[in-house]
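Now for the letters of each chain:
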Amino acid sequence: MLAQHGIEMMIKQYDPIDLSIESLNDLKPNYLRLERNLCQDFKKDSTKQHIVKQILLFAETHNIKVIGDSVKNEQDYLAFEMLGFYGTSR
Amino acid sequence: MKPFILAASFIILLLGSSSGLYYHYIKDSAFKKIDSSKQWLTVSTTHLAQETIVNNDFTSFQSTIQALQQTTILRDVQLVIKHLFFDDKTLLKKISLSHEAWMVSDVTLDILDGEIRITNNGKYELILSQHSQNAESVNIKFQIIKDGVIKDFMIPLQLKKTISATSKTDQNFALEEINENDFSLSLSFDTTLNEEILKEQLYHYLLFFICIGGLFTFLSYFVYRYFIRNSLIYSVNELNKYITSILDGKMVKDSSVTVTFKELKELHANTLELTKKFVNTSNELSISRDIIFQKERSDELTGLPNKKSFENDLKYLFISNKSGYVIYLKMHKIGLFTKNYGPEIVDSLIESFAQSIQHYFNTNKNRNGTIYRFFGGEFAILLYDTIASNVNSFLKEIIALTETLSEQYYFFDHAIYYGATPVDHYGTIESIIQSAQEAYEIAFKEKSKFYFIVDAENQAELNEKLETTVRDIIKRNDFVLQYLHDTFNFDSSPKLIMQEVSPLLIDSFTYESIPKDKFISVAEKIGIITEFDKMLILKTLEQIELGELTHRICIVLSISSITNRSFISWLETTIEENKLMKSIVFASVCYSVASNHESFKYLSVCWHSTVLK
Numbered sequence: 001m002l003a004q005h006g007i008e009m010m011i012k013q014y015d016p017i018d019l020s021i022e023s024l025n026d027l028k029p030n031y032l033r034l035e036r037n038l039c040q041d042f043k044k045d046s047t048k049q050h051i052v053k054q055i056l057l058f059a060e061t062h063n064i065k066v067i068g069d070s071v072k073n074e075q076d077y078l079a080f081e082m083l084g085f086y087g088t089s090r
Numbered sequence: 001m002k003p004f005i006l007a008a009s010f011i012i013l014l015l016g017s018s019s020g021l022y023y024h025y026i027k028d029s030a031f032k033k034i035d036s037s038k039q040w041l042t043v044s045t046t047h048l049a050q051e052t053i054v055n056n057d058f059t060s061f062q063s064t065i066q067a068l069q070q071t072t073i074l075r076d077v078q079l080v081i082k083h084l085f086f087d088d089k090t091l092l093k094k095i096s097l098s099h100e101a102w103m104v105s106d107v108t109l110d111i112l113d114g115e116i117r118i119t120n121n122g123k124y125e126l127i128l129s130q131h132s133q134n135a136e137s138v139n140i141k142f143q144i145i146k147d148g149v150i151k152d153f154m155i156p157l158q159l160k161k162t163i164s165a166t167s168k169t170d171q172n173f174a175l176e177e178i179n180e181n182d183f184s185l186s187l188s189f190d191t192t193l194n195e196e197i198l199k200e201q202l203y204h205y206l207l208f209f210i211c212i213g214g215l216f217t218f219l220s221y222f223v224y225r226y227f228i229r230n231s232l233i234y235s236v237n238e239l240n241k242y243i244t245s246i247l248d249g250k251m252v253k254d255s256s257v258t259v260t261f262k263e264l265k266e267l268h269a270n271t272l273e274l275t276k277k278f279v280n281t282s283n284e285l286s287i288s289r290d291i292i293f294q295k296e297r298s299d300e301l302t303g304l305p306n307k308k309s310f311e312n313d314l315k316y317l318f319i320s321n322k323s324g325y326v327i328y329l330k331m332h333k334i335g336l337f338t339k340n341y342g343p344e345i346v347d348s349l350i351e352s353f354a355q356s357i358q359h360y361f362n363t364n365k366n367r368n369g370t371i372y373r374f375f376g377g378e379f380a381i382l383l384y385d386t387i388a389s390n391v392n393s394f395l396k397e398i399i400a401l402t403e404t405l406s407e408q409y410y411f412f413d414h415a416i417y418y419g420a421t422p423v424d425h426y427g428t429i430e431s432i433i434q435s436a437q438e439a440y441e442i443a444f445k446e447k448s449k450f451y452f453i454v455d456a457e458n459q460a461e462l463n464e465k466l467e468t469t470v471r472d473i474i475k476r477n478d479f480v481l482q483y484l485h486d487t488f489n490f491d492s493s494p495k496l497i498m499q500e501v502s503p504l505l506i507d508s509f510t511y512e513s514i515p516k517d518k519f520i521s522v523a524e525k526i527g528i529i530t531e532f533d534k535m536l537i538l539k540t541l542e543q544i545e546l547g548e549l550t551h552r553i554c555i556v557l558s559i560s561s562i563t564n565r566s567f568i569s570w571l572e573t574t575i576e577e578n579k580l581m582k583s584i585v586f587a588s589v590c591y592s593v594a595s596n597h598e599s600f601k602y603l604s605v606c607w608h609s610t611v612l613k
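Chains as they are written, first to last, in our numbering: chain Y, 1 to 90; chain V, 1 to 613.
No lab work stands behind these hints, which were simulated from the structure alone.
Source: prediction; values computed, not measured.
Where is the CB? At the ideal position from N, CA and C, for every residue including glycine.
Please note: incorrect hints may appear among the correct ones.
[As the list claims (entries may be wrong)] Dumping the calculated PhoX-like pairs for lysine-lysine here, alpha-carbon to alpha-carbon at most 20 Å: (1) Y:28 - Y:65; (2) V:295 - Y:43; (3) V:94 - V:27; (4) Y:65 - V:495; (5) V:315 - V:518; (6) V:396 - V:445; (7) V:199 - V:27; (8) Y:53 - Y:43; (9) Y:28 - V:582; (10) V:475 - V:396; (11) V:495 - V:534; (12) V:82 - V:161; (13) V:295 - Y:44; (14) V:151 - V:89; (15) V:322 - V:339; (16) Y:43 - Y:72; (17) V:333 - V:199; (18) Y:65 - V:582; (19) Y:44 - V:475; (20) V:601 - Y:28; (21) V:518 - V:322; (22) V:495 - Y:72; (23) V:579 - V:534; (24) Y:53 - V:295.
[As the list claims (entries may be wrong)] Computed far set for chain V versus chain Y, every beta-carbon distance over 12 Å: (25) 62; (26) 205; (27) 219; (28) 230; (29) 240; (30) 438; (31) 490; (32) 494.
Full structure from sequences and hints, please.
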């Protein structure tokens, strides 16, 4: 009903450690705002890169827009742009 | 629908073509039957004519022909005698006398009609003159003699007989002439086909076809419905159960799946292979993920859970509404130790400290808690105990335990201070850590007993005041909106696409700002958060209506509101009344979603359907 009226839902501070990627399948959010910690020093941390790429892969197949949070570093910003983030806060 | 149309077209076509063929067949058969009857009637009639000539008995000939006319296709019959042989017996029979008692003599004929010759075998041969060729009959004169008595007779001998059929129609049929030596026989046959009979046969055929077709269809459907379909559904269900088990993470043995169709068996075999690959890949990924997550949540040096893990556990303490104490501790001389003794010794010290605390928790089952390493010499302990005296005794035991480290590390003497604070359910992670750090600072300054515990009663009093303030703010709808988390897209000139609403909440007594998370915790606890969320939405809508906001606005809703059916109904009504609601994106915090996964799952179903309505 709400979705039919164009009302959208977002999960903020998303971290797959708290909520597995598979769980999103049941919840069908329109947006995911990633946990700040995942977005900061992204380029320096290969683990974060791996996690974020998995999230993006899932989001792409389920039509979910992914938003970054508190991206300070220019390199991280460019990386998010390249990876196809919908937007980000800085 | 298309298969049904095709099937109906096929049946109609089949019925049409088979009817045509069948009609052609019965027509052909009818013609053959007429031919056969004609042949048989011709032979029979010719034979009958021969007998008639011998006996000169047209009465029997007539009755037989009439009987045939009524029952067969035989119509008009004309028998014309050309040569007639007769004997005494024939003549005497005509006058009803016995040939044994009387003798016949002087058999003659009018000269104009012809002559009578006596053959070698004693028979009379009638040779007609040209004049009597078409005569119906001729008169024969003769005498009979017995015991000197002579009698003269003149009897007619019939030469021609025409028997017309009584027909309901005026239709004439062509005469077929059969010329024999002694006679000529003209026959006509009714060769017209009876269309009515043919149509009736066709109708019977169609009825039969429809009945057989219907019966066949019914039987086919019955066999399909109760045997093939059931068997197919059973097999598909078995496969489906198997795949569902795999999806649910349960491995099912191959033999437990029974499939009846060959094709499905092949599909099952392929599915089995696919699921094996899936399970292997899934296991590998799970292991990789667990390693990554473990790395994310643990400290590399000590193996203790890190600050992120601490925050996570604290969140779940809030959500589960459990109580406890947060203890912040710090080796304040760690920098100095590193400088004087090197990082390896200090790392060893930190490891030994971590091990001794962990060992303490493992051996003292009455103490339920976890130690976390934040950074360097900073640690935190989450103690699941609500009694201040127990916390006090715990800290004393920990201090005594750490003193033993001086035996191994001589430079380590009373270098750790502790600050403990009860978990404030109205607080935030930051505020609780800050409270514990403030307690640590007090302990560090006093240096008397190495620890300080925040008074829980004092905190309860403060919380009571806070509850009053929160009630007052919501009652008076006294808050303004501010917008945070400005989110831009990645265009060459980034455009603002989303902001998050954050209420600015001021205590009207102290004029101090109340942290949003704290305010929400209190409102949720005292059961008025749904009212606040409604106010937040309506205030946001007002500002959108004023044209101040053109991008998406994110509103974080509390769990209580999201799982409240009347709130969702209110939301639906508001959406129908106010189209600007489309600009709002409703959000929830990840760990809240994780803790209330089933509720959110149900909400998601309602969100995307009309179930709730």
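Results of checking the hints against the structure:
For a cut-off of 20 Å, the pair hint linking residue 28 of chain Y to residue 65 of chain Y stands: about 11 Å separates their Cα positions. Distance hint between residue 295 of chain V and residue 43 of chain Y is fulfilled; the C-alpha atoms sit about 17 Å from each other, no more than 20 Å. Among the hinted pairs, residue 94 of chain V with residue 27 of chain V is inconsistent with the structure: their alpha-carbon atoms are about 49 Å apart, more than 20 Å. A hinted pair counts as satisfied when its Cα atoms are at most 20 Å apart, and residue 65 of chain Y with residue 495 of chain V qualifies at roughly 16 Å.
Simply put, residue 315 of chain V and residue 518 of chain V have alpha-carbon atoms about 13 Å apart, close enough for the 20 Å limit, and the pair holds. Taken as a hint, the residue 396 of chain V and residue 445 of chain V pair is honoured in the structure, with Cα atoms around 18 Å apart against an allowance of 20 Å. Simply put, residue 199 of chain V and residue 27 of chain V have alpha-carbon atoms about 10 Å apart, close enough for the 20 Å limit, and the pair holds. At roughly 12 Å between alpha-carbon atoms, residue 53 of chain Y and residue 43 of chain Y fall within 20 Å of each other, so this suggested pair holds.
Between residue 28 of chain Y and residue 582 of chain V, the direct Cα distance comes to roughly 17 Å. Compliance with the 20 Å bound is thereby established for this hinted pair. Between residue 475 of chain V and residue 396 of chain V the alpha-carbon distance is near 47 Å, which puts this suggested pair outside the 20 Å criterion. Restraint check for residue 495 of chain V and residue 534 of chain V: the C-alpha separation of about 29 Å exceeds 20 Å, so the hint is violated. About 12 Å separates the Cα atoms of residue 82 of chain V and residue 161 of chain V, which keeps this hinted pair within 20 Å; it holds.
For the proposed pair residue 295 of chain V and residue 44 of chain Y, the alpha carbon gap of about 15 Å is at most 20 Å, so the pair holds. For the suggested pair residue 151 of chain V and residue 89 of chain V, the alpha carbons sit about 16 Å apart, so the restraint of at most 20 Å is met. As the CA atoms of residue 322 of chain V and residue 339 of chain V are separated by approximately 42 Å, the hinted pair breaks the 20 Å bound. For the hint pairing residue 43 of chain Y with residue 72 of chain Y, the CA-to-CA distance comes to about 12 Å; that is within 20 Å, so the pair holds.
Proximity of residue 333 of chain V to residue 199 of chain V is assessed by CA-CA distance (about 118 Å); at most 20 Å being required, the pair is judged violated. In summary, the hint linking residue 65 of chain Y to residue 582 of chain V is supported, as the alpha carbons are separated by about 17 Å, within the 20 Å threshold. This hinted pair does not check out: residue 44 of chain Y and residue 475 of chain V have alpha carbons roughly 49 Å apart, beyond 20 Å. In summary, the hint linking residue 601 of chain V to residue 28 of chain Y is supported, as the alpha carbons are separated by about 9 Å, within the 20 Å threshold.
In summary, the hint linking residue 518 of chain V to residue 322 of chain V is supported, as the alpha carbons are separated by about 17 Å, within the 20 Å threshold. A distance of roughly 18 Å separates the Cα atoms of residue 495 of chain V and residue 72 of chain Y; the hinted pair therefore holds under the 20 Å criterion. A C-alpha spacing of about 16 Å is found between residue 579 of chain V and residue 534 of chain V, which places the hinted pair at or below 20 Å, so the restraint holds. The hinted pair formed by residue 53 of chain Y and residue 295 of chain V meets the criterion: a straight-line CA distance of about 17 Å does not exceed 20 Å.
Its beta-carbon lying about 98 Å from the closest one in chain Y, residue 62 of chain V satisfies the requirement of being farther than 12 Å from that chain. Non-interface call for residue 205 of chain V relative to chain Y: holds, since the shortest CB-CB distance, roughly 59 Å, exceeds 12 Å. Listed as outside the interface, residue 219 of chain V is consistent with that label: its C-beta sits roughly 46 Å from the nearest C-beta of chain Y, beyond the 12 Å cut-off. Consistency note on residue 230 of chain V: stated as away from chain Y, and its beta-carbon is indeed over 12 Å from all of that chain's, at 33 Å minimum.
Here residue 240 of chain V stays apart from chain Y, with its beta-carbon at least about 19 Å from theirs, past the 12 Å limit. Every CB of chain Y is more than 12 Å from the CB of residue 438 of chain V (nearest about 24 Å), matching its label as outside the interface. The claim that residue 490 of chain V lies off the interface is violated: its Cβ sits roughly 4 Å from the closest Cβ of chain Y, which falls inside the 12 Å cut-off. Not every beta carbon of chain Y lies more than 12 Å from that of residue 494 of chain V, the smallest distance being close to 8 Å; the non-interface claim is violated.
Hints 3, 10, 11, 15, 17, 19, 31 and 32 from the list above are not met by this structure, while the remaining hints are.
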